[in-house]
Amino acid sequence: MKILVCISQVPDTSTKVVLKDNSTTIENAGVSYIINPYDEWYALIRAIELKESGIASDVDLVTVGKANTEPVIRKALALGGDKAIRIDAESTDPYLTAVYIAEYAKSMDYDLILCGKESIDYNNGSVGSMLAELLDMDYIGFATEIKIEGNTAVVKREIEGGEETDSCKFPLVISCQKGVAEARIANMRGIMAARTRPLTVITPTVDDALTSILSYELPPAKAGVRLIDPADMDELVELLHAEAKVI
Amino acid sequence: MNDIETVKALKGGEFLIRETAADSVFIPEEWNEEQQMIAETCVNFLAQHVKPNLNRIDEQEEGLMSHLMDEAGALGLLGVSVPEEYGGFGKDFKTSMLVTEKLGAGNSFSVAFSAHSGIGTLPILYYGNDAQKQKYIPKLASGELKGAYCLTEPSSGSDANSGKARARLSEDGTHYLITGQKMWITNAGFADVFTVFAKIDDDENLSAFIVEKDFEGITLNAEEHKMGIKGSSTRQVFFNDCKVPVENLLSDRQNGFKIAVNILNIGRMKLGGGTVGASKEVISQAVHYANEREQFGRAISKYGAIKYKLAQQAILTYASESAVYRASQNMEEATEMLVASGLDETNAKLKGTEQFAIEAAIIKVHSSETLDYVVDEGVQIYGGMGYSAEAPMDRAYRDSRINRIFEGTNEINRMLTVDMMLKRALKGDLDLMGPAQKVAGELMSIPDFGAAEEGNLFGKEKKYIANFKKAILMVAGGAVQKLMAQLGKEQEVLMNLADMLIELYVSESLQLRVEKLVSMRGEDSCKEQLDIMRVYINDAAEKIAKAGKEALNYFAEGDEKKMMLMGLKRYTKTEDINSTQARRNIAAKLIAENKYCF
Amino acid sequence: MSVIVFVEHDAGTIKKKNFEAVHYASGIAQKMGTTVTAVILGIVDNAEIEKLGAYGAQKVLHVEDSRLGELHPRAYTSALLTAIEKEGGKIIITLNDINGRAVAPRVAAKLKAGLVVGALTYPDMDKGFVIKKAVYSGKAFAYVNITSDKKVIMLMPNTFPITETTGKTVIEKLVVDFSGKDFGIKVNEVSKVTGEVSLSDASLVVSGGRGMKGRENWYLIEDLAKELGAATACSRPVSDADWRPHHEHVGQTGGTIRPDLYIAVGISGAIQHLAGVNGSKTIVVINKDPEAPFFKAANYGVVGDAMEVLPRLTEAVKKFKQHK
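Chains as they are written, first to last, in our numbering: chain W, 301 to 547; chain C, 147 to 744; chain E, 10 to 333.
Please keep in mind that the hints were generated in silico from the structure rather than gathered at the bench.
A portion of the hints provided could be inaccurate.
Cβ pair distances, simulated, as ranges [as the list claims (entries may be wrong)]:
id: 1; chain 1: E; residue 1: Tyr228; chain 2: C; residue 2: Glu208; range: 28 to 38 Å
id: 2; chain 1: E; residue 1: Glu73; chain 2: W; residue 2: Gly524; range: 48 to 58 Å
id: 3; chain 1: C; residue 1: Met630; chain 2: W; residue 2: Pro371; range: 51 to 61 Å
Once the Cα atoms are required to be at most 35 Å apart in a straight line, the calculated DSBU-like pairs of lysine-lysine come out as [as the list claims (entries may be wrong)]:
id: 4; chain 1: E; residue 1: Lys68; chain 2: E; residue 2: Lys40
id: 5; chain 1: C; residue 1: Lys197; chain 2: E; residue 2: Lys195
id: 6; chain 1: E; residue 1: Lys235; chain 2: W; residue 2: Lys456
id: 7; chain 1: C; residue 1: Lys741; chain 2: W; residue 2: Lys320
id: 8; chain 1: E; residue 1: Lys121; chain 2: W; residue 2: Lys456
id: 9; chain 1: E; residue 1: Lys235; chain 2: W; residue 2: Lys383
id: 10; chain 1: W; residue 1: Lys406; chain 2: E; residue 2: Lys121
id: 11; chain 1: E; residue 1: Lys136; chain 2: E; residue 2: Lys121
id: 12; chain 1: E; residue 1: Lys330; chain 2: W; residue 2: Lys545
id: 13; chain 1: W; residue 1: Lys366; chain 2: C; residue 2: Lys673
Where chain E lies over chain W, by a calculated footprint (3+ residues, C-beta under 8 Å) [what the hints assert, rightly or not]:
id: 14; stretch: 301-308
id: 15; stretch: 343-356
id: 16; stretch: 384-398
id: 17; stretch: 468-480
Just so we're clear, the structure is a prediction, and the values are computed from it rather than from any experiment.
Here a beta-carbon is modelled for each residue, glycine too, at the ideal position from N, C-alpha and C.
Kindly generate the complete structure, drawing on both the sequences and the hints.
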């Protein structure tokens, strides 16, 4: 069984967003980058677990990004995975990202493609589903548990107000969230092996983006907190009713 | 400065008489991708396993520390610099120093970690025969066995060779029977393997033994109640005719004291790394708090008094770190050269380490006193919350204090610094006489008021540092001449000289680091580092002047004293700088980044 | 050319957020001078479907196939594509929710339509087709221009207030030629938590952090939530410590919510947590540490011990409701 894990590079969660160039770009100086947590903690680690338990034969990683994403790719390789593929393009539009990955994956016979439920920078959560369409595969989103039984994935996933268990034959795409696996820390063995694991760069067939970001905006500052006497919760309730109009 | 030779590979102690080229020093800004990943693993390990459990650790919850060591072992962190043939990862000394630094932010855990991977593992790794290494090292590197080191006794601390523990051969000649009492034994509560020092019969010197916890005749006292590092297991260990197989004698009979001293040298340098890591963590917390805490309507980080503290914390830490990694690299290079000259790796490591024993002592003192400053001001920045056990400063403050005491008190280390320097001069390993005479000659001649090299960004600081060397050579030369054999007993003078040497070594390490950094990144991206360097070296000049003056006022007399005081003034003269503005600049960067960021 | 809106339902009941999607589609249709066609899948009574008229759907295409009661992304996609083709639709609206995310990106990829996930505004057509959405989990907003001819917009629920009109709708049955592949996923088991308000739908949320000190104190959060009719949530350390189930974790690496009222108890307000909740209309912070950064993001703050403040607040809400 062959698994492809889609990973993306995102700014560290502690990043404060600073805008520049007349608010048309987000400042990247001084920003440290990490693997998108959903991709790393859940999708990648689950794939590695499946390999460790002998269920998966291959775990490959793919990302769409320029050369500056390579440190993050090698960090992923330090956690595990046999090889990585970097598709040499800027990842700006979810459709393009999906098209590029699909172009690579279509001839590779992956049984399972895993990704995080969304990236924490653009919060689109759409690449996995698009990829399934482009590769003519099934898709299960928001998974919280993935088990493999023969050529079938048995997946617990979040639904509104609960969860359901689905099963689906390979090949399919699954987007992962908390529950699928436990985050791991790269160990010395993995870190040293990361250097020896192949990282292949491929150039995609250029396609047109369907969207573009014109500008950014920061949330307005809050007007300032109104402190309420902890002994007088009636006042708080009254304010929530009469002033904020939320109850 | 043509009287001071620039060399590429510096020998231990030579910093006093030679110049070092900036491109030859290692600076932490050069960590490669793999080393950065290892550092990240350490940070993640602390964040996930240690930080959330600091209270439980300090309460010595049964089995917790041992479990944390297992977790660290599973990640490979206990075997970073253990050779691959013994189940480690064969990384260089600098990398293991990086691990020590990053885990140094882990309070009591970092003590357990350092004790295990340093004094708990290294005696066997460096002095064990192959059978001993095969038997113990892979398991120590994986954490399956935990190590401890039994040297100190109730009546012998700093004077280690005076221990009362005795070993005698059993009648059938198969075992040594060790009897004695060992005190302040870190990790004793859960250790499986102890390196125990005892004299065999009436030997003059100690021998070392590998003792397993399950050998007969070992009992442990209850946990000590300590001021800090409360989570670290510290107990007395009693040996009562403890049966140790003869094959567990480590190295040769009477070689124990040498082992102890050499292991301590490494331990001192590692303590430097660990305390630098702890300092960085405390600074990050202090900056964060200063940015959050508001008084009179503004974050307290906006006030100059707080900015001064934050900047000073960072200045000292950055300076200390420069010395730690410079010396680590030097030690490593010395080892490599010895290996290249045909020495086996183990002996090369020991000789290389021994050579940098002076630097190790300097680093131990400077970094532990830096951490004490950092935590003290950390408490102050936190104000009332600094005194509350709910905020992190309380623990940091208490945990810091031991660093000035263990691995040789700072007083012992100061005396060693001077003592080793003079011994090397006497043995002819280090030519202090020539340069000292030159300085004496210079004192008689017309002073050189020449300006610093024009157009060199570091011209001034280089000149100051060259002058610091002259100041030390002059005062030390005078002290040796005047006090002669008595010098060893004039501890105040030794302390003065040590302080001068410490400030010189750290100033020079810092200057070289910033020079190399500027050559890598350009002047514009190193503004704060340049400020750090200028402020530190200016302050160092004053400290050197003060220590020198105290020494001269004690032992020199008459015209000679006058002349030397004049010389001292000349050699510690610096141009005025606007240190307030410089500190503000440094603080501004810390405040903007909301963490230690240099 | 009408605007197509995908309407979900919960076992035959259409929820408020789906009316909001129709209302949003209607706003766009009016700007463009066209009509709204809603698409609804599975078994739903006509009386329920007719409600869509009041929110601006002139026509509803109903694919009455019992298999569609479960989420089958490919089948849903086929159904939507059939409807889009039939209506000549170029603008497709869904919600940014679990089902929306399984279907809308597929439709967009198939149509080569530009996609905006989590729209917060109507498209600004003066500058192209520009829609505002949150990025970095709410730390910033982006103005995204869709440059393709066809467009898919996933609306962020609870963004627009809705009002009923007297509008009526026409229901048409739509027959879709499903293939075997469309039902490749087998649903084995469904378990729904009953009696609790679902977090993603909730307009009121009570959330607890490390300051609650332990799971044994959670009844205080639950009592208040029950009194308010609110959902419960928690911060990351709480879910990491398994005090609460992980689906309650809100923040940059958990769920992002935008309720009308978010009451944060014992949560310090790390940047990662704020990112997940700062779209909330009103934020109340209860924390005993007056320096907690969350106060800077709050509308109302109570500096006090949660163990004492929470019972008082619950009591005050009870009193308020009795008098109302």
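When the hints from earlier in the document are held up against this structure, which numbers fail?
5, 9, 14, 15
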